[in-house]
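Model the full structure from these sequences, guided by the hints.
2 protein chains.
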Amino acid sequence: MFNTISIIGCGLIGSSILRAIQNKNLSKEIKIFDLSKDVIIYLKKENICSNISIDIRQCVRDSDLIIIATPLSSYKEIILSIKDDLKKGTILTDTGSVKKEVMKIIHNMNLKDINCIPSHPIAGTEESGPKAGYADMFESRWCIISPPKNAAEQPIKILKSFWEAIGSKVKIMTPEEHDEILSLTSHLPHAIAYNIVRTVINVEDKLKQEVILYSAGGLRDFTRIAASNPLMWRDIFLDNNENISKGIDKFTEKLQELKEALNDKNGDKLYKIFNSTKELRKEIIKAGQDTSKPDFGRKKD
Amino acid sequence: MFNTISIIGCGLIGSSILRAIQNKNLSKEIKIFDLSKDVIIYLKKENICSNISIDIRQCVRDSDLIIIATPLSSYKEIILSIKDDLKKGTILTDTGSVKKEVMKIIHNMNLKDINCIPSHPIAGTEESGPKAGYADMFESRWCIISPPKNAAEQPIKILKSFWEAIGSKVKIMTPEEHDEILSLTSHLPHAIAYNIVRTVINVEDKLKQEVILYSAGGLRDFTRIAASNPLMWRDIFLDNNENISKGIDKFTEKLQELKEALNDKNGDKLYKIFNSTKELRKEIIKAGQDTSKPDFGRKKD
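Protein sequence lines correspond, in order, to chains A and B. Last residue of the first sequence? That's 651 in the working numbering, and every number before it is there in order. Last residue of the second sequence? That's 651 in the working numbering, and every number before it is there in order.
The hints are simulated quantities; they were obtained by calculation from the structure and are not laboratory data. Everything numeric in this text was worked out from a predicted model, so none of it was measured. A hint or two may mislead.
Copies of one chain are not kept apart here, so a pair can be met inside one copy or by any two copies together.
[To be verified] Cut-off 27 Å, straight-line C-alpha distance, at most; resulting in silico cross-link-like pairs (BS3-like, lysine-lysine):
#, residue 1, residue 2
1, Lys615, Lys600
2, Lys426, Lys619
3, Lys596, Lys615
4, Lys596, Lys622
5, Lys609, Lys450
6, Lys604, Lys556
7, Lys454, Lys437
8, Lys454, Lys609
9, Lys619, Lys604
10, Lys615, Lys426
11, Lys450, Lys438
12, Lys622, Lys450
13, Lys596, Lys558
14, Lys556, Lys519
15, Lys596, Lys609
16, Lys622, Lys556
17, Lys374, Lys556
18, Lys558, Lys519
19, Lys604, Lys632
20, Lys510, Lys395
21, Lys619, Lys632
Rendered as structure tokens:
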């Protein structure tokens, strides 16, 4: 499918893409760059990739597809470093969770004869690093592509085929649509998960051991989400702050409504609140985005 | 271990207790009562229990251990119905998630020669009904017992042995301690899960399909928790409203702090927030209340 693919950043997502490309045999050559010594040591030890560059410019030279899989805050520096070494007609993409800011950075770079098409594979776990990656991470998961308005058709088709080849279903949307939808389905839920864990760990120390022991009643599911990479989430929140801030306002409004019902001991209202959420769950299961298998009880632990 | 055990309410929890008692052979006889025709039809069809009473008074007569596994709001009526038919010295317990209000109800009944000792097995899934029950639900899970101050030692020991026999680890604490801890580890997390799902389903319809499709980025985990039995949660919120309301206030305060950091684009503060929650997760895993196996990516679906 490709002669050479370069992956910049080989953590959870980058190393999973690497493994998937190898598994599906999608490129004659795969080149890797990562700033972290630990990542390089791990990749060498596990013999996952034979072509590890120590020079980012050397890594991207002659590549047909370049995938940036690093935190959003590093994009500017990375693109500045590589921009003079990109092959004419190459496809430059990424895996970041916010798109509007990325587009701004790319636009300001004024890259010539380069097909910059941001991607966002909606996949991952709460873990970080190449050790946690796995080849079928993108299997049946959505990947959103946000091409700029003036993008050529052919490179979009090629990038779409690439994500499909590693198992993803692809949807094309504008950066604005992407950022609004993801603020609701991913960024706000993460804000809330981090916030509840912070609320609970701030209670007096006398209860701390008890809180840990009895966390199976709901809390532990939030701690799982709140264990995700803090650097990645800082960058997402900085880049999508307006949408997330709006989401927090809506959330707070609804929470005050719940609190009022609680303080008024309004059973009818509480029942209505607790009964209103089941439908969405059913639709998510129907859409194949989760299974109906109960997990909350961790039957198979 | 017992001659006769009676279970009032045979839904997710009651039917799991029933199955566990049978599996471990803990009672010569087990008697069941449930108001729901569907539950009775299911139990008969599956041949799970041969002794299904249509009269609640007949169900509890001669029993050594009576377990109420119904929503909290039904306790008063149930205890009023059975109080004149209880065997002298019998142990009366429950499975409810709030304890202080239960103790009040029991205290007001002024039951003579009956050992009322509330229990709370911290177990379950987001599903409801006897079909979703299973025998090893209580395996390695905590069960909290909250005996009244004047309770006799022997029945506490027997009840503790019963929960241990079906796999639980038992902790004894006061109803006040129980309700405060559970408001943090279970009730507040559920309030938040319901609230985020309500926030998201209230966005304009144009985004609804997208929200469902891309829910794997975090939202789907909340919809799972928010799919729990609404009647049960209404009762928990009514009975533990003061603790939960306090928890909501603390949560809102923290969320405003996060929103300020977001509006100020304060990266250092955001990083600090996202990095502060990892420790609790590690301690929960260490305490055996969850596994470190990544689940957020649903590897095995």
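Right, here's what the structure says about each hint:
1. Lys615 with Lys600: both (23 Å within a copy, 20 Å between copies)
2. Lys426 with Lys619: between (50 Å within a copy, 22 Å between copies)
3. Lys596 with Lys615: between (29 Å within a copy, 14 Å between copies)
4. Lys596 with Lys622: Result: close both inside a copy and across copies, 25 Å intra and 22 Å inter.
5. Lys609 with Lys450: Between copies, since 20 Å is at most 27 Å while 35 Å is not.
6. Lys604 with Lys556: Answer is between; shortest inter-copy Cα gap is 20 Å, intra-copy 31 Å.
7. Lys454 with Lys437: within (22 Å within a copy, 76 Å between copies)
8. Lys454 with Lys609: Only across copies: Lys454 and Lys609 sit 24 Å apart there, 41 Å inside one copy, limit 27 Å.
9. Lys619 with Lys604: This pair counts as both: shortest intra-copy Cα distance 13 Å, inter-copy 26 Å.
10. Lys615 with Lys426: between (53 Å within a copy, 17 Å between copies)
11. Lys450 with Lys438: The answer is within: 25 Å in one copy meets 27 Å, while 72 Å across copies does not.
12. Lys622 with Lys450: Between copies only: 25 Å across, 37 Å inside.
13. Lys596 with Lys558: This pair counts as between: shortest inter-copy Cα distance 17 Å, intra-copy 33 Å.
14. Lys556 with Lys519: Close across copies (21 Å), not inside one copy (49 Å); limit 27 Å.
15. Lys596 with Lys609: both (20 Å within a copy, 9 Å between copies)
16. Lys622 with Lys556: between (36 Å within a copy, 24 Å between copies)
17. Lys374 with Lys556: So Lys374 and Lys556 fail the 27 Å test inside a copy (53 Å) and across (37 Å) alike.
18. Lys558 with Lys519: between (43 Å within a copy, 19 Å between copies)
19. Lys604 with Lys632: within (22 Å within a copy, 31 Å between copies)
20. Lys510 with Lys395: Answer is neither: 32 Å inside a copy and 51 Å across each miss the 27 Å cutoff.
21. Lys619 with Lys632: within (22 Å within a copy, 37 Å between copies)
The structure fails hints 17, 20 (numbered hints given earlier, in ascending order).
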